[in-house]
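Start from the sequences and build out the full structure, keeping to the hints where you can.
Protein chains in written order, with my numbering: chain R, 4 to 467; chain U, 4 to 467; chain E, 4 to 467.
These are calculated hints, taken from the structure and not from any lab test. These numbers were taken from a predicted model, which means no experiment stands behind them. Some clues are possibly wrong.
One copy or any two copies: either way a pair holds, since identical chains are not told apart in the list.
Below, in silico cross-link-like pairs of lysine-lysine (DSS-like), each with a Cα-Cα straight-line distance of 30 Å or less [to be verified]:
no., residue 1, residue 2
1, Lys-18, Lys-306
2, Lys-393, Lys-346
3, Lys-306, Lys-126
4, Lys-234, Lys-306
5, Lys-346, Lys-395
6, Lys-234, Lys-160
7, Lys-215, Lys-190
8, Lys-432, Lys-395
9, Lys-190, Lys-80
10, Lys-234, Lys-247
11, Lys-126, Lys-99
12, Lys-242, Lys-18
13, Lys-18, Lys-247
14, Lys-306, Lys-395
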Amino acid sequence: MSGCCAVILAGGQGKRMRSDLPKPMFEVLGVPMLDWVISACEESGIDDICIVTGFNHEVIERHIDGKYPTVLQSERKGTGHAVMMAADWLSERRDKNVLILNGDAPFIDRETILAALWQHEAKQDDVTVITAEIPEPHGYGRIIRTDTGISAIVEEKDATNEQKLIREVNSGTYWFRADRLLSSLEKLRPNNAQNEYYLTDTIYILLSEGCKANAYISANPDTVLGANDRKGLLMLNDKARTAKIYQLLDEGVEIVSSDGVTIGRNVHVGAGTRILQGVILTGNTEIGENCVIGPNCLLDNTKIGNNTTINCVQSHDSTVGNNVSIGPFVQLRPGTVIQDGVKIGDFVEIKNSTIGVNTAVAHLTYIGDSDVGSGVNFGCGVVTVNYDGKAKFRTVIGDNAFIGCNTNLVAPVRVGNASYTGAGSTITKDVPDGALAVERSDTRIIEGFGNRRLQDRIARNTRK
Amino acid sequence: MSGCCAVILAGGQGKRMRSDLPKPMFEVLGVPMLDWVISACEESGIDDICIVTGFNHEVIERHIDGKYPTVLQSERKGTGHAVMMAADWLSERRDKNVLILNGDAPFIDRETILAALWQHEAKQDDVTVITAEIPEPHGYGRIIRTDTGISAIVEEKDATNEQKLIREVNSGTYWFRADRLLSSLEKLRPNNAQNEYYLTDTIYILLSEGCKANAYISANPDTVLGANDRKGLLMLNDKARTAKIYQLLDEGVEIVSSDGVTIGRNVHVGAGTRILQGVILTGNTEIGENCVIGPNCLLDNTKIGNNTTINCVQSHDSTVGNNVSIGPFVQLRPGTVIQDGVKIGDFVEIKNSTIGVNTAVAHLTYIGDSDVGSGVNFGCGVVTVNYDGKAKFRTVIGDNAFIGCNTNLVAPVRVGNASYTGAGSTITKDVPDGALAVERSDTRIIEGFGNRRLQDRIARNTRK
Amino acid sequence: MSGCCAVILAGGQGKRMRSDLPKPMFEVLGVPMLDWVISACEESGIDDICIVTGFNHEVIERHIDGKYPTVLQSERKGTGHAVMMAADWLSERRDKNVLILNGDAPFIDRETILAALWQHEAKQDDVTVITAEIPEPHGYGRIIRTDTGISAIVEEKDATNEQKLIREVNSGTYWFRADRLLSSLEKLRPNNAQNEYYLTDTIYILLSEGCKANAYISANPDTVLGANDRKGLLMLNDKARTAKIYQLLDEGVEIVSSDGVTIGRNVHVGAGTRILQGVILTGNTEIGENCVIGPNCLLDNTKIGNNTTINCVQSHDSTVGNNVSIGPFVQLRPGTVIQDGVKIGDFVEIKNSTIGVNTAVAHLTYIGDSDVGSGVNFGCGVVTVNYDGKAKFRTVIGDNAFIGCNTNLVAPVRVGNASYTGAGSTITKDVPDGALAVERSDTRIIEGFGNRRLQDRIARNTRK
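Right under this line is the structure:
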């Protein structure tokens, strides 16, 4: 898309959000609205982008981190004024078409951008307003059409009763010929008592000079949606959630109840996988086919293979293989790799460790900073003691080892292949292959102790 | 219902589900749609049933497992052709009324089946189409009524504009006199270019021979619902969930928020019980009266007594008594029996064990393959070591025993009545009644160790 | 509001609830409807309140616990009869305005009560009916207005077709001049075959005597809502939940999905805090600013500071500081105080303990009845052994201590400042400041043990 560039207006404050965050930084499905808009550009092949910042601009600059140039609108003087801030940047792109977008209208999409551009170029228009037909147009700018294009965008407050019936509204996104936009910006004058410059006035300037203005109706009416308060933001989130759920259903994913199901836009889920209620999938999470996920999972940047069951698990930055069963009540922390056929039961935490094929970790166990072989059996209550108060060390466990219940493995330590540790042992030295290591004292039996205690209890209860 | 039999058409594929599962095997509330239809027959007293299979018929045959005969429609040539496959079976039932049902329309119900049969017999009709009046009939076959019955079922594509306004539609379920059905099937001819035989054409054949066709309007408009894709299946699930929730509310169950609440059709819940959000009850789960269940429980085939609190628990194939409190964060695995008055705290797993009256298992404990008496107190971190890498063994704990924290009970082992185990002990031999068993070494105190470490830490932090 | 008093009618049964609970005791958002009504009075400055009980009056008396006087309506003879029961109480308040309310219409609010009183006094009316305009008035008493006030309240069954179109309906709440109410009650006669006295008939009596009756339209149409069955109660809960969520959104709280989110009316949440799905906040819970709460938390009477993360936690009667991170899968039981900067990981229970600044409790730990200093590090699997079968004792841990994994701290015990305990030790005596305490036996290595076991396993598998 070498003939195209984009300017994203991201200066808004969002006062009614009651927050210091710039409005485009509020999140929909966990992603700032600004990033939705940038993604729509990038998916349309437009990567020559300038971002106009304003309120708390440092937040956006830090977020963009130099990936795209930003220009600052230091005074809040309207959308036309905001685009003027990009005039220098635009003047190097005079021969291009420029897309102007709102950084807080996240649902603009590739299809709309490209189809509008196609019409813009095919009709050789100077400006193409992207519009949508919506059932309740109240509050939006109405599009006044002519035989050959459009003649005006009428704001709610200026609309006649007849105009108020028009359901085609301005989305705030436009394709301009950059040279025409620049020349009209030079002629733009403040529109109102607040001394604001309206971008829509450039259309009248262009029309008055004999240029051609037209509108493209997006097939996606959500294109026009933004959020002015947190209620609106919740509504955008609900729309985005439902859209993603419907997409997955079409792709053959089974969702039994969508209550609490929140799946990020970059998440992939394979056909035949069943998602139960309360499942949150974020980041670049990928789920294979024929899995069962849920209820109540939170998987972030986690890869899951096929035929795997994940029940009440929280996981970050981890990888899980095929035919694995995990949960309920498990946490996988970053750097966890679970290989095929592993079974992990309840109350288990795994961190920065590899668990080999067909290993079983049944219950109440912490495995941290460990390399665990295949076919290993962990008893209940095993702890890898990876921290001595000074530094962290690794534990290595060989194939087919059997770790007894409540064993402490004090790292750095290696438990050999096919070796055993006795229940309740604290293992501080390496265990050779095929051996048993056991730390055990003699057990003393004190006859009558329990009976005396019981008599005390009975006496106490009798006194009550 | 000795004069009745049923044929269930279960050959559909469900292409848009993107799955190899036959359509009638897709689940609503955890139960295949086919089983909903079979249950409706059985609840109506009809247990002489023939199932016509088709796409991936082995899946259905395996599921039915010989309980009912199946016949295979090896080519997909329409509903009339499907019923022809059952002609031999029907020819042994010439004197009966036969109910033809769709295996993927799960909401047919006993009231509808029996009331339609009553009308069918009372009016001495030869075929009675079960219909429903629905607000949005688009896509369904419309019923054309006459003074004495019906004259046609008009498909959407053949309907005149006037006929499209008719809101009475075909559910796809019919009562036929079996002999009439058989004779009309013999005369049935392919209807279209695809060479398909339509079951509805039998009605025209019967009418042309002077037989009587009529329609019965079900009080339950959901009778007509099926699912062609997973979006539709989600909708059926939502309908079924809501219907079950309303039924329980009518029966005196309190539901504070229905979000995530999913209760299977065979589940019973007593009056006065409160169900919180995120509760999934499946299989033959039975909950008593005045319990509190939730939030976030998954109870499958689990029986709960009265006045019991179940908070954030997953349970399969277990039984819990009265006045019990369990949770949060507990798993009961198959074969668990919890007797009255027991208290189970957090991070506890119990499997294949009996826990006696008034016993307390407060936290971080695994009890597997154990017989636990009454009045027992488990310290935190107790583990029944039931597996030695070769076989599983049982642990027996007597009444009023006191198991110290982090005790390992290495099975097979018996802890006697009123006996104690010391914290941190690994118990490998039986503890006599009323005794104390303790495994403990001397504790060494190394003065200054911690101070040196602290100085190291301070030094490190200073260098940073 | 010294010139005002209130009578709350709380005698209803709620038969269709299928419960022995008086109807006003059914809960909305965890608070009995009666308490919603009492709170509305109290928030309006009215604390001179008389409650008329009836069905299972002991339950209400026990709940009110003497805070307000109650009078018993022992026969169920209508709303007029119920108010008669308070005649003695009212006769001492002849010069006041009295508010009559339904104990099972929870959404009456301060604004409505005070604005209606203001009109009542400004217009010098003798009775002011609080009304609302609702879209579906079916079943409610319709208000017949005149030029100067109202002339009647017509019940559904008595309404003409024209009157049924009236959308202004009676909420069942009234301001009366107490003297007028008393005199009209004396003249009240049974209205119907059931011998019931209707409170609305007092309006006709007053009008017939030349008194002035008027109506005040509440801005809040939910004022009229009550619940006759549990379906209605679920609807009230949903309304109350949504209202609270919208209030918090307006106050700058971020809610990504409201599924399963249930926030009690007395709960406060600071701006910038993000609430995820499945969060239940009850009692007097207070959350600070810029926290992340959820998913799936249940916080009851819990105070949380600022910038704190609470993930999958259940907490009762606890306090948590600033910059704390807790979860997932944690329980805080009553009496827990978590100071600033603490990190608590997974599968941790804390009860009746203080955790000092910057202490870390990473996993699988129980801390009960303990005073823990600052900068302490708990290894995995630590247990405070606070109960010896006879009594509970406290554990004291000094600043910067390091508690090794699977340590048992047998209370009463003190671990000194900057001291260490070795992994797997059971500590029964105080550990001096800066020392290391370790209980450890020799570890025996039995060569070949594991190999023999492995050979057995292979042999077994071969035989299969």
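Against the structure shown, which of the earlier numbered hints fail to hold, in ascending order?
3
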